[in-house]
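Going down the list, the sequences are from chains A and B. Its first residue numbered 1, the first sequence is counted upward by one per residue in our numbering. Its first residue numbered 1, the second sequence is counted upward by one per residue in our numbering.
Calculated directly from the structure, the hints in this document are not laboratory data. Model, not experiment: these values are computed from the prediction. Be aware that a few hints might be false.
Stated by the list, open to error - Partial pick of chain A residues on the chain B-facing surface, computed with a CB cut under 10 angstroms:
# : residue
1 : F37
2 : G343
3 : G467
4 : N471
5 : S558
Ideal placement from N, C-alpha and C gives every residue a C-beta, glycine not left out.
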Amino acid sequence: MNIGQILLWLCLLSSVLASISGVLGLKRADWARVGRFSSVAVSSLSSSALVVLVLAFLRDDFSLRYVALHSCYDLPSVYKLTAVWAGQEGSLLFWLWVLSAFSTTFLLRNRDRLSDGALPVLSLVQTFFCLLVLRSSPFPKLPFVPEDGRGLNPLLKSPWMVLHPPALYVGYIGFTVPFALSLAGVASGDVGWMGRSKRWSLFSWTFLTLGILTGMKWSYVVLGWGGYWAWDPVENASLMPWLTATAFLHSPPRRMSWSFFLVVITFELTIFGTFLARSGFVSSVHAFSRSPLGYYFLAFIVLSGGSAGWVGFRGRRKERSGGGTMFLGGLVSCALCLVTFFGTIFPAVSELLSGRRMVLGPGFFNTIFAPSGLFVFFLFGICRSAKGLKSPIPLGLSVLSLYLMLRLGARGLYPISAALFGGFALGNILLQVHRSLRSSDFGRLGGDLVHLGMIIFTFGVYCSSLGTEENVEDVGLGDDFRFGGYNFTLEGFSPEPKRGAMLLRAKLRVKEGREEFTLSPGMEFYRGGETLHKVEVRSGLLKDLHVAMTDVSRDAASFYLKVIPGTSFIWSGGYLVLAGALVSLIRRKDAAFR
Amino acid sequence: MEKLKLVLAVAAAAFGLSYFILMGLKEAKVYYLRVEELLSSPELWGKRVRVEGEVVPGSVKKGKKLEFQMAGGGGRIQVIHTGPVPPLFGEGKHVVVEGTYDQKEEAFLSEGMLTKCPSKYEAER
């Protein structure tokens, strides 16, 4: 029994205590105080456990099995830190830690009856994660101390991967607080839960967005070779709660049951995502461990979803209508989530029903998301537009973008309608931005910026999915070839020794019109026999050039080339969405951040 | 009146949604098989399918096209792959290929390949 393991047991103990006194605290306020106290204990204990693990990584303590499997002496310190959540055991501990930090923050800032009601929910969820961490703990020791660790998977050694998992986790876990608030509110009839949940949800939504974006970026530059989204189950798992949370953020305050439903479903989807990743229920390009842990998550979903349904049914009231385009936007978002859900579980369901496994390619999702994107453009175009409709700007931009699209040579239903609707939406949103700026309404401005970002983002997605060209070229030393308007010459190779690996880069001279530059895609050969491809990306405003070296010999090499238009819009749109969400978080007054 | 409107709206939405789902299904549904399943289902030969298996060590030949043998569950097929080869392809690796099985050539003509990516967690145990 080592110190980490002891801390985890104490953590479970205080978490159980918090749950029991939390439930008793629903009747008597002094029990709630005991519950709050135990909650603080949970977060200090889990923080200590995490510190123990982090220290083990930083001090290369390979006597811990988990550290030996995910780190090695050669690893740069930053990646030793990120290796903490590189495996299942560590990421579960990280999850528990963030969850306890959130609930403690929430409980310390709120001391009213509503938060007393949220306390048992938060503690029960915490208890569940305590049990999981104990079941799959990062602290068991090896019977011997290995000389060096196995090291981190080279694909994870990317700055985007430093950011991606924690952002995603924080996004996921943050939805636990709205879930607890909504249960407490509906059960006690206190309508104050909605305002507070909105702020917490916006916070989590912002992190979830950051997590998704960094994941896309990582895939774009490291793994996917210019692909940023493959409709893989694990990607879908992060998109689904994002969609329902988006719907909740747009849900009008008067629609109480609808909002309750959305908050609960968002929470369940975050757990479902973890289930998908762990259970092997659907196969993913991400090969996860098929641990039996997955079914704990499923059981938890049934239990928590069931109780939430019961609370919702007991506390139901007559639903009031209204909400206009915002509500409609939420509905579209939910419908897209439903489709994504269907497409994600389809392989498993088809196997269950017909005995044969069938899968859905990206085509399935694209056929549905592409027209829905147009409809969202349409909603952006008419939202809050009483004045906008009188202004000539939306219509003008609509015609202008159609003209540009035709000049660029795009034909077909999608480019043309995307230009028409997109231009109109852009015009309307720009008007809103202008109005918010003039009246210094920064709360509103945040939302407008998010919408503006979404238009730019979606435009980028349309461009890249309609206009990407790819090719494979085998080239001898000194030879040249043409592709996508570029001229390439293979000038030579340069080897670079690295820590624990050997990097071989090609020197590829590229000419485009009068511009000349050198790209050096490479292959990294690791001691363990793995190869990693160093993809080179030349980013421009309108298009990106991707070059990967796929094979190399003494005097020849093969390259995989891709020209992708519009991706700069994807990233800049994404950053704008994040910026807008931040502005909203800081400046919106209508939802109290408590 | 309110109710009728609501019912109509829901019906329209449900209809639209299921229409798109059916369209999408028709467009993108493919069978996902292991190697021995493909070999034992002649009715799927010549149809577009995805096959999962392990690249047999020592079988990889790189020419204009990539040729290798793929094994899974006791079965083994020859694969002829055209198009880009993903970064993690290698002998002994788990891959998924998409294409058709050609009976005359006795080979699987692959046009797309995915490698199983160990991106976050340890390999399957």
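### Query
Okay, which hints does this one fail, numbers in order?
1, 3
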